[in-house]
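Colleague: Throw the hints in and build the complete structure from the sequences for me.
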Amino acid sequence: KQEVTQIPAALSVPEGENLVLNCSFTDSAIYNLQWFRQDPGKGLTSLLLIQSSQREQTSGRLNASLDKSSGRSTLYIAASQPGDSATYLCAFWVNQAGTALIFGKGTTLSVSS
Amino acid sequence: EPEVTQTPSHQVTQMGQEVILRCVPISNHLYFYWYRQILGQKVEFLVSFYNNEISEKSEIFDDQFSVERPDGSNFTLKIRSTKLEDSAMYFCASSVIEGGELFFGEGSRLTVL
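Residue numbers (our numbering), protein chains in the order written: chain A, 29 to 141; chain B, 32 to 144.
These aren't lab readings, by the way, just hints derived from the structure by calculation.
A portion of the hints provided could be inaccurate.
Lysine to any residue pairs mimicking SDA-like chemistry, simulated, CA-CA at most 20 Å apart [as the list claims (entries may be wrong)]:
| # | chain 1 | residue 1 | chain 2 | residue 2 |
| --- | --- | --- | --- | --- |
| 1 | B | K73 | A | N50 |
| 2 | B | K109 | B | N59 |
| 3 | A | K70 | B | G47 |
| 4 | B | K73 | A | A38 |
| 5 | A | K133 | B | L70 |
| 6 | B | K73 | A | D67 |
| 7 | B | K88 | A | A128 |
| 8 | A | K29 | B | F92 |
| 9 | B | K73 | A | D55 |
| 10 | A | K96 | A | T54 |
| 11 | B | K109 | B | P33 |
| 12 | B | K109 | B | G47 |
Modeller: In structure tokens form, the structure reads like this:
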């Protein structure tokens, strides 16, 4: 059974710090991987999608990488801001035919000013 | 920017009652999904829907659950006889292609008493 693990479960940093969130999965035969942001009591906002043929994607201060051979993805946040405080979730499709995303439990980030 | 919309945002119901949660996916999207998140737990897949039929469903999606696309815009999740353990946030999502970037709504919080 595919499992997604996100480390750390929670992270507190001062404003301006660069940080890395980790996501690992048990089976390297994944298809696409997507990172989301979730604010308390709210829906999921898509941040980045890394397709199976790609190794990384960038959007503004965010950079996500994917290493299927090691079963890992990282989300890099540069120059963190208090507005970045949220829970960050990674999720992947097992294969192209799979229509279900498998989610990790998330990393809850708190950025203090 | 196009978005997935869900109604109601919060519904309180008595155990054994029927509940219908409604979603309007993004207009040019072809794949539709329901996920749920019990408080403090992972986002879990319920069902995917394409071309007016279920593509895939999880073990959670038992005979008490059904989905329907009654017209060209709405996508509904029905729970026939709610149980206490159905209390959760239910998210609708849609994508243009299979395995493509998934866009989520803000969720419908269901409380079963």
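Colleague: Please go over all the hints and tell whether each is borne out by the structure.
Modeller: Taking the hints in turn, this is what the structure says about them:
Restraint check for B:K73 and A:N50: the C-alpha separation of about 16 Å stays at or below 20 Å, so the hint holds. With a C-alpha separation of about 24 Å, the suggested pair B:K109 and B:N59 falls outside the 20 Å cut-off, and the hint is violated. Distance hint between A:K70 and B:G47 is unfulfilled; the C-alpha atoms sit about 27 Å from each other, more than 20 Å. Our distance criterion of 20 Å between C-alpha atoms is met by B:K73 and A:A38, whose separation comes to about 15 Å.
Between A:K133 and B:L70, the direct Cα distance comes to roughly 11 Å. Compliance with the 20 Å bound is thereby established for this hinted pair. Our distance criterion of 20 Å between C-alpha atoms is met by B:K73 and A:D67, whose separation comes to about 14 Å. For the proposed pair B:K88 and A:A128, the alpha carbon gap of about 8 Å is at most 20 Å, so the pair holds. Taken as a hint, the A:K29 and B:F92 pair is honoured in the structure, with Cα atoms around 18 Å apart against an allowance of 20 Å.
Proposed proximity of B:K73 and A:D55 is supported: the alpha carbons are some 19 Å apart, at most 20 Å. A threshold of 20 Å between alpha carbons decides the hint, and for A:K96 with A:T54 the separation of about 10 Å falls inside it, so the pair holds. Distance restraint check for B:K109 and B:P33: the Cα-Cα separation of roughly 25 Å exceeds the 20 Å cut-off, and the hinted pair is therefore not satisfied. With a C-alpha separation of about 13 Å, the suggested pairing of B:K109 with B:G47 holds against the 20 Å cut-off.
Hint check: violations occur at hints 2, 3, 11; the rest are consistent with the structure.
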